[in-house]
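Asks: Let's have the full structure, built from the sequences with the hints guiding it.
For the protein sequence lines, the chains are A and B, in the order given. One point on numbering: in this note's numbering, the residue at position 108 of the first sequence is 108, and numbering is uninterrupted. One point on numbering: in this note's numbering, the residue at position 137 of the second sequence is 137, and numbering is uninterrupted.
Think of the hints as simulated: they come from the structure by calculation, not from any bench. Ideal Cβ positions, reconstructed from N, Cα and C, are used throughout, including at glycine. Treat each hint with caution, since some may be false.
To be verified - Cβ-to-Cβ under 10 Å is the rule here; a few derived chain B residues that face chain A:
| id | residue |
| --- | --- |
| 1 | V8 |
| 2 | I27 |
| 3 | T87 |
| 4 | D120 |
| 5 | D130 |
What follows is the residue order along each chain.
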Amino acid sequence: MNLKVLTVPFLVVMMLIIAIGYIWPDLSALPEKRAAVSEKEENAASVGAVMNNIDALNGSLDAQKETEQLVDRYFPENMDQGHAIDALNFMASQAGISMSGLDIEVSNSKLNEQVSDGAATTAQRIPKLSKYVVTAKVSGSYEGIKDFFNRVSHMDLFHKVISFSISVDTKNGASAGSAAAAAGGALTGAFEAEFGYMPKRPATVIESDPIFRSSQLDFAVANRLTTFITNIVPTTDNQQTGKPNPFQ
Amino acid sequence: MVVVLFLVTLAAWGGTWWYTKTYDDKISQLESMIAQDTTKLSGKRADRVADFSNRLTLIGQNLDAAVDTSSILGELEQNMVPEVRLTMYEYNRNDRIVSISGVTSSFRYLAAQVISLKKDSSFSQVKVGDVSSDENGLIKFSVTADLIGDAVVVAK
Chain A
1 MNLKVLTVPF
11 LVVMMLIIAI
21 GYIWPDLSAL
31 PEKRAAVSEK
41 EENAASVGAV
51 MNNIDALNGS
61 LDAQKETEQL
71 VDRYFPENMD
81 QGHAIDALNF
91 MASQAGISMS
101 GLDIEVSNSK
111 LNEQVSDGAA
121 TTAQRIPKLS
131 KYVVTAKVSG
141 SYEGIKDFFN
151 RVSHMDLFHK
161 VISFSISVDT
171 KNGASAGSAA
181 AAAGGALTGA
191 FEAEFGYMPK
201 RPATVIESDP
211 IFRSSQLDFA
221 VANRLTTFIT
231 NIVPTTDNQQ
241 TGKPNPFQ
Chain B
1 MVVVLFLVTL
11 AAWGGTWWYT
21 KTYDDKISQL
31 ESMIAQDTTK
41 LSGKRADRVA
51 DFSNRLTLIG
61 QNLDAAVDTS
71 SILGELEQNM
81 VPEVRLTMYE
91 YNRNDRIVSI
101 SGVTSSFRYL
111 AAQVISLKKD
121 SSFSQVKVGD
131 VSSDENGLIK
141 FSVTADLIGD
151 AVVVAK
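Replies: Written out as structure tokens, the structure reads:
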């Protein structure tokens, strides 16, 4: 009799304990778990879409092999001082002037700290590029120096013009005010530019990178580059090397 | 009656436990699937696309700020007073300044030259520096001009 009397309150207490301690917390957590599942499903779908986009993007690069090569040549992964020297010399001769000096200074600072587009995400995503500063000194006529500056500005190497100057060449016997000096071509020109290069690095944060959200690449900049470059420097053939006495 | 209610409570507890476990399993299954797919994402094919795109972005920024030396010198040619002869011209993008030195035969031409430069919308301030005349009566002068904001002539 006593047991029967105790069973009812015991069961009621147990029901309350189960309902409050177990069922209610599980029920409360359900919307959260539902949201987590749909979020994960979205992530999985987006990773799948990124995988498909990578295939599509590689396909468009395969179709535009020449553009890819142009970009790699214009903006190399290594410091290509040889190409810069060759280009400047080639353009000086094309402009009919002579190069009288060349100074190359390798800098540790990074060029795109100054050419940030203001978008923090883009600035963070894109690796910093390295630079070296080239100063070329030339002498010749005004037209020749002007032509040289123009050719260098549109050369097929990633660079940023820092300064350029033209002055009457007083060293060659011409007085500063001599009209004959300027007319006769006794002018000196100086051109200073930063050349950039960027080593290849593995892609990071691929799943959140906006590049991989699209299945198509935008080649508009590459097309602009093609029209911007008006001076292509022919690649220097490998010079024949080898001599018995290097000091002779 | 109480026993039935108790059994219903137990069934509800079992139901919610099963439901929660199903969700937990689904979450961990999706997580491992995402982790697996993410590993597959990295590789040469992704690196190639990212590298090309990064280079294009930087090239685009650089082209936007490209200096057209021909236009700058063309502008200088247009601003020149015929009686003034330059001995030095310097365009410095970092300092955003253009420095000019020259000679002329009269102060009138120097004034005309300064006025001509001041009329150019590319410059915010045109300042005359040293002015002196030599034994032949030639007037030597120097002028500096500050470039306005984006007065860098951009090649589009």
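Asks: Look at each hint and say if it fits the structure.
Replies: Status of each hint after checking the structure:
{"no.": "1", "hint": "V8", "verdict": "9 Å, holds"}
{"no.": "2", "hint": "I27", "verdict": "6 Å, holds"}
{"no.": "3", "hint": "T87", "verdict": "5 Å, holds"}
{"no.": "4", "hint": "D120", "verdict": "18 Å, violated"}
{"no.": "5", "hint": "D130", "verdict": "13 Å, violated"}
Violated hints for the displayed structure, listed by number in ascending order: 4 and 5.
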